[in-house]
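Participant: Protein chains in written order, with our numbering: chain A, 1 to 370; chain B, 1001 to 1370; chain C, 2001 to 2370; chain D, 3001 to 3370; chain E, 4001 to 4370.
Treat the hints as calculated values from the structure; they're not laboratory data. Heads up, some of the hints might be wrong.
As the list claims (entries may be wrong) - Cβ-Cβ distance ranges computed for the label pairs, FRET-style:
#1 A/ARG179 to D/GLU3097: 36 to 46 Å
#2 C/ARG2179 to A/GLY122: 43 to 53 Å
#3 D/ASN3336 to E/PRO4347: 25 to 35 Å
#4 B/LEU1091 to C/SER2056: 30 to 40 Å
#5 C/GLY2257 to A/ALA71: 34 to 44 Å
#6 A/ARG263 to C/ARG2179: 55 to 65 Å
#7 D/ASP3289 to B/ASP1289: 20 to 30 Å
#8 E/THR4357 to A/ARG288: 31 to 41 Å
#9 C/GLY2351 to D/PHE3359: 18 to 28 Å
#10 E/PRO4152 to D/GLU3067: 39 to 49 Å
#11 E/PRO4260 to D/ASP3209: 55 to 65 Å
#12 B/GLY1368 to D/VAL3035: 50 to 60 Å
#13 E/GLY4351 to D/PHE3359: 41 to 51 Å
For every residue, glycine included, the Cβ atom is placed at its ideal position computed from N, Cα and C.
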Amino acid sequence: MTANARPHGRPTRAPVTARSARPSRKIGLGPGSLVYVGDEISGFVDVEVYHCTEGSDLERRGLTDVEELAAYRDAPGLTWVDVNGVHDVALIGRIGEIFSLHPLLLEDVVNENQRAKFEQHGEHLFLVLKMLLSSADGDEIEAEQVSVVLGPHYVITFQKRARDTFDPVRRRLADPASRIRQHGADYLAYALVDTIVDNYFAVLERLGDQIEELEDAVIADPSRERLEDIFEAKRALVEVRRMVWPLRDALAGMGRGDTPLIRHDTLPYLRDVHDHTLRVIDTIETYRDTAATMVEMYMTGVSNRMNEVMRVLTVIATIFIPLTFIVGVYGMNFINMPELHWRWGYPAVLGVMGATTIFLLMFFRRRGWL
Amino acid sequence: MTANARPHGRPTRAPVTARSARPSRKIGLGPGSLVYVGDEISGFVDVEVYHCTEGSDLERRGLTDVEELAAYRDAPGLTWVDVNGVHDVALIGRIGEIFSLHPLLLEDVVNENQRAKFEQHGEHLFLVLKMLLSSADGDEIEAEQVSVVLGPHYVITFQKRARDTFDPVRRRLADPASRIRQHGADYLAYALVDTIVDNYFAVLERLGDQIEELEDAVIADPSRERLEDIFEAKRALVEVRRMVWPLRDALAGMGRGDTPLIRHDTLPYLRDVHDHTLRVIDTIETYRDTAATMVEMYMTGVSNRMNEVMRVLTVIATIFIPLTFIVGVYGMNFINMPELHWRWGYPAVLGVMGATTIFLLMFFRRRGWL
Amino acid sequence: MTANARPHGRPTRAPVTARSARPSRKIGLGPGSLVYVGDEISGFVDVEVYHCTEGSDLERRGLTDVEELAAYRDAPGLTWVDVNGVHDVALIGRIGEIFSLHPLLLEDVVNENQRAKFEQHGEHLFLVLKMLLSSADGDEIEAEQVSVVLGPHYVITFQKRARDTFDPVRRRLADPASRIRQHGADYLAYALVDTIVDNYFAVLERLGDQIEELEDAVIADPSRERLEDIFEAKRALVEVRRMVWPLRDALAGMGRGDTPLIRHDTLPYLRDVHDHTLRVIDTIETYRDTAATMVEMYMTGVSNRMNEVMRVLTVIATIFIPLTFIVGVYGMNFINMPELHWRWGYPAVLGVMGATTIFLLMFFRRRGWL
Amino acid sequence: MTANARPHGRPTRAPVTARSARPSRKIGLGPGSLVYVGDEISGFVDVEVYHCTEGSDLERRGLTDVEELAAYRDAPGLTWVDVNGVHDVALIGRIGEIFSLHPLLLEDVVNENQRAKFEQHGEHLFLVLKMLLSSADGDEIEAEQVSVVLGPHYVITFQKRARDTFDPVRRRLADPASRIRQHGADYLAYALVDTIVDNYFAVLERLGDQIEELEDAVIADPSRERLEDIFEAKRALVEVRRMVWPLRDALAGMGRGDTPLIRHDTLPYLRDVHDHTLRVIDTIETYRDTAATMVEMYMTGVSNRMNEVMRVLTVIATIFIPLTFIVGVYGMNFINMPELHWRWGYPAVLGVMGATTIFLLMFFRRRGWL
Amino acid sequence: MTANARPHGRPTRAPVTARSARPSRKIGLGPGSLVYVGDEISGFVDVEVYHCTEGSDLERRGLTDVEELAAYRDAPGLTWVDVNGVHDVALIGRIGEIFSLHPLLLEDVVNENQRAKFEQHGEHLFLVLKMLLSSADGDEIEAEQVSVVLGPHYVITFQKRARDTFDPVRRRLADPASRIRQHGADYLAYALVDTIVDNYFAVLERLGDQIEELEDAVIADPSRERLEDIFEAKRALVEVRRMVWPLRDALAGMGRGDTPLIRHDTLPYLRDVHDHTLRVIDTIETYRDTAATMVEMYMTGVSNRMNEVMRVLTVIATIFIPLTFIVGVYGMNFINMPELHWRWGYPAVLGVMGATTIFLLMFFRRRGWL
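Isolated chain A, as found in the complex:
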């Protein structure tokens, strides 16, 4: 799923197409029947397991056979199963069986069109959210769905393809002295979510820079392209907002802490990340306000330009149309036009026309049109 935020190119309209990523393929199937809903993807699903017990080194393995996961289900210590790829529904289904995940939970994992939400399914907590990524050239915002399942002493994450977003968490996991090792699986889940939410700020920063550039540009040159850029930025903001808004409620629900899976110590951290989503939303709202103001500025810019154009036309026309009439009068061929024979006729007409012009110029200056 891709939300474009390229304010300086032609709108690619990806936000809209992205949304319609064919959820209808699923109609008529029973709930719980796993059908992948998302972009076409092929290739292997990459499953990595991170496991550690107190004081031990971190064990990191890429699994070749998903059945090996069964060993980790009840292993003591802390386990993180990092599943990269959700299009292989058979494999996902097998992981679900191993960990006794609820069918609806699995269905959400393989459907890329989820809103952020927090649910408790039996002995698992389930959080879906969107990860935002700036593309390499910085002009696009990509959104990717991440599902986090929290069990008694393990965390399972599902996402579409391997990303380096979680690398800092991996590094901290590798450090036996880190808080992430001392706390349980709930803290690990928090750390992952926190990393994703921190990324929102990075993406918004970039968007903010673009909006700022645009703002200067709109004042300097209110062209049609600027307007399309503004609309493009507005759309990206709407898109990001649509993703973050439900996350706020999901994290609030998670931070309420009425489940034994989340220990009391971890609650302040969850409330902190909830607080971060509030800040993200605040920032988005401020940007939207700025974008709305830019449209208003553009509109008044257009009006002002039209006014200016009309004023020039009016001044020119108002001065010369009467003069042209006057010279037309003395271009008539009546035989009986005494003025034509006056000695000072021509200079007199020129004088009258000069006086008229001066009078009109003064009139326009008084009106502020010059």
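Got chain A sorted already, so can you dock chains B, C, D and E onto it with the hints?
Facilitator: Relative to chain A, chains B, C, D and E alone:
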């Protein structure tokens, strides 16, 4: 009831007419007196019964005599009574008597102007909602009311005419191993509602495609027809939103599960379909936002075009009006105009006019009007 | 009180004047001091009593002496006191004494500027609401306040003048087998309110028809009169909404059923009429949306027309102004203008002008101005 | 504090200045240190005491020494201390000491920039609200803060200067048979608040009349002055709304009745006055809606006028510019222009021009421009 | 962080840049790892301690070694630790260790992009809010984050650099008789917050003055610069609102008083300062309303000017274009034009033209264009 979403034809305004489907025919009648309120319809009411017990094959019968229903009222196993046609109030009333349905419930069944709602009437749960259907050519959205009554071990559905929307449910019912057979009537009711809500996505997808097309079209050619198409799409969105919005609350109420008719196992499924309505609403809101932006783009497009037209007029007029004045001067017939007799008078005037033109062109270029 | 909805006449602005029906006449008087606040009205107050006991025929009497009411206060069976006229405060006060009505309740009865509300005053329930009536020619909506007092086994209604709105209820009362006779006073109160709310649909239907007509008219001819009609319709919608909105809360409060005066059986009926108000509000909101869209359509219609006018002007002026200049050149009277003496001078100039014209026409066609 | 509502004069912008009545004079001072914040005022503070016991006549005294108040603190019966003037903070502080008022309460009394609020401070209830007064010429709305302190058997009111607003209450107090004498201090407090809220209706009525006048005027003549009047009225509405909105919550809190200082009997009265504030807010919202519509009407009026102007210009220019070109052609001085020598040349040209004109007139009529 | 409110200069757009003060520097770091997020700052962190016991003089010390703070942790009496500078994270971390502050709390202290919030972390209450400061020349509003930590008998405040905002509190602390000395640490915390909120009024006053000036200016001269000033003021209001809005909730939470750290006596004061934030928000909303109205006034001002310009053009063109045509007719060189030879031809044409002009002038006057 028909909500038009034909963005490329003349607005048919059906959404509005549809709404006024003469509810007033009922004024003055006692509540509970069954009066059909809806489009004129004739023909037989088609009542089908699906019945199965554990392990048995699915029994499917089209009833010829409604009295046969009495046998199913207390029959063990799972029964689905599928009533297609609600204009025969006598028949509907008789069905109500057989299953002891509350008079107000029946009144709602035969009145096509209900908002989606969930109610508990004695031993029955009652859910009304709208089914959305894309017409064959894809240009129209039809809305049809479906009433779902959930009893202890039976489900009764009422709709205006037989549709193939529920076919997938029928197929799953026929499979003895399907979850729908293992769970009770509440799960069947859920499956029916889920099918309807999944259809919303298909309809929205189509609407989304049309909006996307429109968006490209508005940029390429901001014509009057485009605008009417946008307004038409906006109206369809308002219409769909009006139908889905109350459904959200109805499903939330149903998912709260404070009734013995809904077993604990089924609640996550109900919450899931509730979640789907939230997604539908999200999508609608995004589309509405897009539509509003399109109107803004159209408006600025119109302003820009006017600006362009005015600029051309002003440039032409500003250059030629003074020139015309000058040639008018030397078209005057004063006998005493020495310039007329100068040898280089004519070329000099042409030169002055050329210089004026060049000056004005430079002025316009500096202003960015050329 | 009169809310105009005449979309095809000059706005009469009654909605606004109506609202200021001099509530200030009351300032400084103690609360509970009865002062009629409403339009000037004279004539007798018409008090009718409907009384029935189980199985008996309905007794219907027009009272000549209000003291006769005392007999009904504690009479067994069901009594409906229908008071038509509230300007005779002495009489209203006396009725209040007979039935021990709270002074504030009476004060509200004689003040026509109430919002819809539901209150419990000691042993009485009190509901104020607005009845909407389409005038005979259908162009006006009249609003009239109805007060419903529910006592243990009687209902008292107050309204400004006798209307036939309640006739259906009267007919049903006369039928000993009707549900209205079998249930108690609370059901009678419900039936009256239901009749009023059903009338809202009739009024809205008419308004909807007018809006639909307007919509077609705006597209065909965006004239000034159309706009005033739209604004008029918008105003009527605001007016109706202002009346229905608080009714929703009042009926929700009444349907909560925490009073012995409303039996458990009646609650579904009250919730049903509450549900109807929700539908009324939905419809109003959809109409308002339509009206807002119509204003937008009108505005863009005006812009488009201006564009068209400007385009015609620009095309004409841009073609002929340069031509006029050219012919002006050869109208100059310089003695030394060799072209004038060329044999093919005149045809050559005509040719140049023809070529210029063709070039400009092509230019305009390419811009889409022709 | 003065909110201007002079729709027919130049905006005085008082609403905005009024708001900034230098609350900053207080920064850095400890809370509870009494500093008068409001317009400059001098002169004596006028303290009046109204005292009555059951059956006795009303005792009314203007105090010369504030210490006399101490006698009333514990006197049986009902006491109303009416303090007119709050700029003498020493005196106010002394009154506070005598009645043991909370320092924050006193601070609010002498600060004129309070929002309406209801607070319980120990054994006192405290209500602040704004009194609205139409100025003598009816063109201005003045707002004045009134503080009402309710003690066990006394009421203390503070306002900036003596007003006749409370006169009706004084009259009713003087009548031993009045309800105000039979009920306690809470009822007296209610009566005072009710009088103030009733005044809102009078002020709104006047505002409504002005808006109505404006509405007719905008249609008749959409001039710049009208627009400023509309904006002025809008601003007055915003101002009044800002005052009434928090009062609604304050009275709702007061009507909740969870304090022994308010007896059960008085609650319906408080709820009644709360209800009145709802009506005031309804009315304000309707007026704001009307004002917004008037701005829209004005805008479209301006657009329509521009359209009309442009149409006239276009018709004239489009007819005469080609004609002028034609006559220009035959004003050229080529020696070889055969038409000039034709016998019917001149009439033929006149004929061509007449035909052109007729054709254009028909074209314009078909377009609806004439 | 700087919010510009310079209505008379070029927009500096600081509000937007300020917001993006690189929170992304933190991504990937574990929560609780202290990283300063804010403007570049160097220099020493200035830590001052104010300590007093009952009856004693105030002890005020600038600390050179942060370890000295340990002595105050459990010292009886009242202690205020005033930390000016938050960029030295090692020092902040050490202070946190000494007072056992929660890691998340410290993280918020050193991150300048917090929303106002109130949190309870173990035995500490934590309030973050923004202090608003008008710059020396009054044209800029600066916002600076202040963190207030309330412990059992001490208050710790953190801010970016030493300011004189708290001077009044310091003075009151020095006075042994002041309420601030008699109450505990919670009252001191309140006094600090109150001082900050009082400052909001001063800042808003200044903003209000600027808006008022602007309002007069927009009427007098609706130029492009005015519009940018309005947008600038709007943006400053959005910025201030974004800061104050969450403070309202934070103070409401603090005033709820469900912690032993806040004594019952202090609650009214906290509710009072909460009330002040409501007033601040009211004022902001009124200003925003005013700003929105000013944009509307500007827009209609632009439209009116365009109308005026067009009217002048149309009047001039409509009068002179036909006249020019007429004189063109008699400038034609047909040999057979009898009028040219009439004795009164020339005067007759002049007369016709005069009559036409008078007719058109009357026409324009009737239309109100003159």
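Participant: The structure should be examined with respect to each hint, and the outcome stated for every one.
Facilitator: Hint check:
In this structure the supplied range 36 to 46 Å is violated for A/ARG179 paired with D/GLU3097, their Cβ-Cβ distance being about 57 Å. Our hint of 43 to 53 Å for C/ARG2179 and A/GLY122 holds, since their Cβ atoms are close to 48 Å apart. For the pair D/ASN3336 and E/PRO4347, the supplied restraint of 25 to 35 Å holds, since their beta-carbon distance comes to about 34 Å. Taken as a hint, the range 30 to 40 Å holds for the pair B/LEU1091 and C/SER2056, whose Cβ atoms sit roughly 35 Å apart.
Against the hinted window of 34 to 44 Å, the Cβ-Cβ separation of C/GLY2257 and A/ALA71 comes to about 59 Å, which falls outside the hint. For A/ARG263 paired with C/ARG2179, a C-beta distance near 59 Å keeps the hint of 55 to 65 Å intact. Take D/ASP3289 and B/ASP1289: their Cβ atoms lie about 24 Å apart, and the range 20 to 30 Å holds. Taking the beta carbon of each, E/THR4357 and A/ARG288 are about 56 Å apart, not inside 31 to 41 Å as hinted.
Between C/GLY2351 and D/PHE3359 the CB atoms are about 25 Å apart, so this pair conforms to the stated range of 18 to 28 Å. At roughly 43 Å, the beta-carbon separation of E/PRO4152 and D/GLU3067 lies within the given 39 to 49 Å, and the hint holds. For E/PRO4260 and D/ASP3209, the Cβ-Cβ distance of about 58 Å falls inside the hinted range of 55 to 65 Å, so the restraint holds. Remark: the range hint 50 to 60 Å for B/GLY1368 to D/VAL3035 is upheld by a beta-carbon distance near 58 Å.
Between E/GLY4351 and D/PHE3359 the beta carbon distance is about 29 Å. The supplied range of 41 to 51 Å is therefore violated.
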